[in-house]
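Residue numbers (the working numbering): 16 to 635.
Note that these hints are calculated values from the structure, not bench results. Any given hint could be a false lead.
[Stated by the list, open to error] The calculated lysine to aspartate or glutamate pairs, modelled on DMTMM-like cross-linking and capped at a C-alpha distance of 20 Å, are:
hint : residue 1 : residue 2
1    : Lys296    : Glu326
2    : Lys547    : Asp560
3    : Lys151    : Asp282
A quick note: this is a predicted structure, and the numbers were derived from the prediction, not measured.
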Amino acid sequence: MLAFLKKRPFCPTPFSTVSNCVLKGSNNVNMDVILRCNKYLFSILLLITVISQTQCINSNNHVCAKYIYGHSNKTDNGFCVLKKNSNSKLIDWAKWKFAEHQLLKSYFPVDTERKNFVRQVPRAVFSFVRPTPLKKNPRLSAVSADVLRDILDLDMDTVNDPDFLRFLHGDLTVPNESLLAHRYGGHQFGHWSGQLGDGRAIMLGEYENQAGERWELQLKGSGLTPYSRRGDGRAVVRSSVREFLCSEAMHALGIPTSRAGSLVVSDDPVVRDQFYDGHVKTEKAAIVLRLAPSWLRIGSLEILAINEETEILHNMVNFIIEHYFKFINSSDKGSILVFFQEVVRKTAEMIAMWQSVGFTHGVCNTDNFSILSLTIDYGPFGFMESYDPGFVPNTSDDEGLYRYEKQPDVGWFNLNKLRLALQPLMSEEEKTIASMLLGGYADIYKSKYMELFMIKLGFENKHTYTESDEKLVAVLLKIMQDTKADFTMSFRELSEIRLSELETFPFNASMSQQYWALPRLENHELFGEWLKLYQQKLTESDIKDEKRRKVMMMTNPRYILRNWIAQVVIKQTENGNFDEIHEVLSILRDPYKYNVIAEKKGFAGPPPEWSRLLKVSCSS
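Generate coordinates for the entire structure from the input sequences, incorporating the hints supplied.
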């Protein structure tokens, strides 16, 4: 096991917090691994067969597994890539079909009650349930061409097929036995909430595309399920627009995420109290087609462990390993530890990626944390504008438990809940080692965080960072915090400005007109000192200005999904105008490239004054 972990290009040893650690072993062979760490002495026979997997290696030698990251088109900004298959033969809707359901082949128990009503569901992983179609004037307001073409192999003429629209809003001819709602639990805001489950999302089936990838398709907002609790199973336009756009925006930023294929809106009325303050209003229902290699989450395992459904838990862990972590042999001793280590590593890296773009999820419950370390369940998220470590996008989070600066801690909390959920399957030795693996989370996170922020400043990727590197990042963020500088545009303008201009600090009048975010920084007493340190490190690293700017402009986006931009799209979509959502989606698909339309709309400018009043909540 440990030799495999050592061979990954970016995988700090999980025992980095324990001194005097000695690892012995070799790759791709059955091996004895002897682990000696000061107070600990374990002799573990681990028979690990490393199975080859489809991988991609970017310019920073970071390796990612295709079945977890799916498609991406970034090669030079520190994230994984999977290039599009230009040889794919696109098909029309009439010939498109689901693959055989491997979830059901795995003999996960399904709820025996076939009637659709809200209830507690014991000893089952899924319930059969049909979507409730939209009735009043359903319209296809937007599609992601990338998803339809590159994931579903569909010809774009498909969007004109009436049968395709019926499919997207839940009017299906799919057999009942393929339509599933998933039972899971979760820790919400730090407390166990019992059974939760797919309360408004229904899985339609699995599709295996021409690249050999399997994707699970869900309709979110498609009606009541046994897990709807006090809800109606519907989703409104405002939350659906946000999920659709943010899924695709995060993908374009190179961050592991679920995908969104389409948005269907209707005139079906739904009643919502958006801010839980007694101000109820009627809104319009919508449905999002969303996709992921798997929708299993930490909460999927938690509910089985807490309810002592150990056999089902064992089957689920084996299923996850065999289908999504194929380099692990699930029958080998210690396989559960390799699996846990991978989830720890990938989750730490995912959260570091969030931090690097100012993304704050808003509801980091264990039921919203993917077992594949994908960003899922976009609700009251927000991209931070003025740099504020205490940024809380969700008005329902009164105590700021999930604020920007706490996300790394919450990641550890959620992984610890995963560790506890796996304990019924572990020996006492394995439980101890799992605790040590989790102990490496902070170092993995910090390494990835520093890697990303140093690249944001134009430096080559490296695997060790000095105190002066950390000072360079920390002081800049401190300056941004004190001056309330815009997080995204400060980094972007630092990418665009030439060093020769930067050296003329303080900025002259013409530069202050060209750049609106950077001039805030110069008012801080530490900015001059920081600038000298930055120039010194660039010189020491022999980084020419052209190279610095190229690296930075491929890493620091010019356009992000700010709340005010989403709100403009929501209003237009609610009024039946779908031009805006198409334009914004097109801009967010390439957030690093200067876009004339985006500039005219002010997407890279100071947020409008009215945007300060915007709020988002868990209501959807």
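In rising order, the numbers of the hints this structure does not comply with: 1
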